[in-house]
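*Asks:* This is what each chain is made of:
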Amino acid sequence: MTSLAGTVRGPLATGRRIERSPRALVFHALLLVCLLVGLVTLLTLLVDVLRDGVGRLSGEFLTRLDSRLPSRAGIKPALVGTAWLMGLVALISFPVGVGAAVYLEEFAPHNRFTSFIEVNVANLAAVPSIIYGLLGLAVFVRFMSLGRSILAGALTLVLLILPIIIVASREALRAVPDSIRQGALAVGATGWQTVWHQTLPAALPGSLTGMILGLSRAVGETAPLITLGALTYVNFVPTDPLDRFTAMPIQIFNWVSRPQTEFQHTAAAGIILLLGVLLVMNAVAVYLRNRYERRW
Amino acid sequence: MVTNERERVEVRIATRRSESPAPRTGESVFRLQRVTVAYAEREAIRDITLDVPANQITAIIGPSGSGKSTLIRVLNRMNDLIPSAHVSGKVIYHGQDLYEPAVDPVEVRRRIGMVFQKPNPFPKSIYENVAFGLRVKGMTDGLDGRVEQALRAAALWDEVKSDLRKNAYELSGGQQQRLCIARAIAVEPDTILMDEPASALDPIATQRIEDLMFELKDQYSIVIVTHNMQQAARVSDMTAFLTVEVSEEGDRRTGVLAEYDRTEVIFTNPSDPRTEAYITGRFG
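Sequences listed follow chains A and B, in order. Okay, so the first sequence: first residue is 930 according to our numbering, each after it adds one. Okay, so the second sequence: first residue is 12 according to our numbering, each after it adds one.
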């Protein structure tokens, strides 16, 4: 058993190590710089906002109405408005988005019409949000006579994030192995029972993650709501889906554009709060993903 | 030919356990008449005619690409799930052609259970895996008892009875496959189709599945696809040997039935030279 292949190989112990090779070092350094560009910028922004705004954060900031005086301005109407918006958006977008994904993945025939829809669902995710604002103004505010209400705003944001939910749900459904569907069908389940009891529950964590990422996008949207005619100065707390409203990003925008420099601190406090809400939502998405992660 | 003789002796030893009486004629679960399955325009199996006897184990053997899985999936209309598949000929199950337009494939699959090559439990508890088929059929009276009965029949009860809420994915491969068998028999079918049920399992787990098949055949008719000839020889009463026919242009491979007989005949005295070549290991 003399091996020819062995004779052409050099010794295994060449003495080369990754930390000694200059090219490897340069390459590593470049990669690190790429990482730092993003991180440092973000960190600078965060520190700046925190320095400006942390002093204004207090229980009163959360419970007060807006005011002409920077020291008395609170974010309560915007916070409640955003809560209303997000609640309605979640309630409406989840069933519609998951339903669309289930239809496309599990039931739709594969023909030119469905592939046309598929391509355009992906395209819709890239449409600028102000276009959705104009659409909402025309359809929900005017045509459906919902007025410049929370409901009209929520419906507009639903349209905005539906593509995100549909794409995420479809991917989650596609990740469910066919053997699960076949197993369910083989014990005599109908197509619908298979989807409802097996495929959909298995795909739900992925859909939920998609929805929360969609909501995280919606919570920061300003342009479509302004286009729609959401108020910028609100001195009441909305109590009904048909009430007029403001939302946190609009309130922040409003404070930033006021002349008194004091309001910059109020705006910074609002930004911190908005970031906090976003972080919590993303954390929930990560938690759900890890909690229900499946090993196929 | 000397080596052939020797191998035949070995095979005869292996078939010891299958020396059951010849299939009771007239008691057929399936009667296939000139069944052809095509995917798009390509024929996967052609002109297959055979009777599957009741309360026996029928093995389908043959080389890769001979359409074994296609044939077994004809029997519970699993090929319906592939849009391009087209079945012609007759598949008569207890006197009823399964491919008549009025036949509901969901009802068919409830009576004809299936176990797959790779264990495919649902990502749920052991209990829910077995209960699922019962729930979707509304067989929920005495659900706990039915679940226990199915797990006992699949020789899994003693291993899982202390923790039925455990996720099925925590079971070993062999246990998962027995769970899939329990799931299939819970809905009280009369026939169980097994598509290479032991190919993903180690020898000990395989042995348990084979033992289980012997126990089940009193109550159920079993059709098993296997690429393992020893397994076919060990467990089955009847054996169908599929072979591949290559078209003259050489670009189309179609499965055809070379021989179908009692297992001991197939393994000791095959009448088709292709069967003999295959079981003695000269091809495939």
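No lab work stands behind these hints: they were computed from the structure. There may be inaccurate statements among the hints.
Unchecked claim - Some chain A residues flagged as far from chain B (calculated, every beta-carbon gap over 10 Å):
| id | residue |
| --- | --- |
| 1 | I1046 |
| 2 | S1108 |
| 3 | I1109 |
| 4 | E1191 |
| 5 | L1204 |
Unchecked claim - Some, not all, of what chain B presents toward chain A, calculated at C-beta under 7 Å:
| id | residue |
| --- | --- |
| 6 | F133 |
| 7 | G144 |
| 8 | V147 |
| 9 | K228 |
To be verified - Facing chain B, a subset of chain A residues (Cβ under 7 Å, in silico):
| id | residue |
| --- | --- |
| 10 | I1060 |
| 11 | G1112 |
| 12 | A1131 |
| 13 | P1134 |
Cβ atoms here follow ideal geometry from the backbone N, Cα and C, with glycine treated the same way.
*Asks:* If you check each hint against the structure, which ones fail?
*Replies:* Hints 2, 3, 9, 10, 13 are the ones this structure does not satisfy, whereas the remaining hints hold.
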